[in-house]
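Student: Sequence:
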Amino acid sequence: MSATTAISPFPAAHRFYVMSLYKRYLKNSLDWTGRRDIWRWKAAQIRAEFESNRDVHDPRALAIILEKAEANLAEIKHPDPYIPSSSPGGTKWERNIPPTLGPIYDHLSADAHH
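With the first letter of the sequence shown counted as 1, position 69 gets the number 69 in my numbering; the numbers rise by one all the way through.
If you are wondering where the hints come from, they were derived from the structure by calculation, not from laboratory data. These numbers come from a predicted model, not from an experiment. Treat each hint with caution, since some may be false.
[Said to hold, decoys possible] Straight-line alpha carbon distances no greater than 35 Å define the calculated DSBU-like cross-link-like pairs of lysine-lysine that follow:
1) K27 with K42
2) K42 with K23
3) K68 with K23
4) K92 with K42
5) K77 with K42
6) K77 with K27
7) K68 with K42
8) K92 with K77
9) K68 with K27
10) K23 with K77
11) K27 with K92
12) K92 with K23
Please construct the entire structure, taking both the sequences and the accompanying hints into account.
Tutor: Quick look at the structure:
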């Protein structure tokens, strides 16, 4: 382990929550923009905003920051977000479902009943 590695006072679940919030912010801003070349500037702004709160170690202050971020995200949420076509809810979801591997009708067991 290197000497510059800092131990976080928060559990791993907190880190995953913050990463999830960051990802939701990025996805929402991409839903509003649509073009990645234009969206990149907004993504950099979102990153800078998250980085500005990186050194907050007070749990109460951090809870307030995260609560405000969640409220802001709910306020600016896109009403019709982009869904990839092959994802659940997309236009191609379950369009060509692979056939079942087993027989649809078992003729051998049906003959045993007659």
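Student: Which of the numbered hints are not met once you compare them with the structure shown?
Tutor: Going through the list in order, the structure violates no hint and respects every one.
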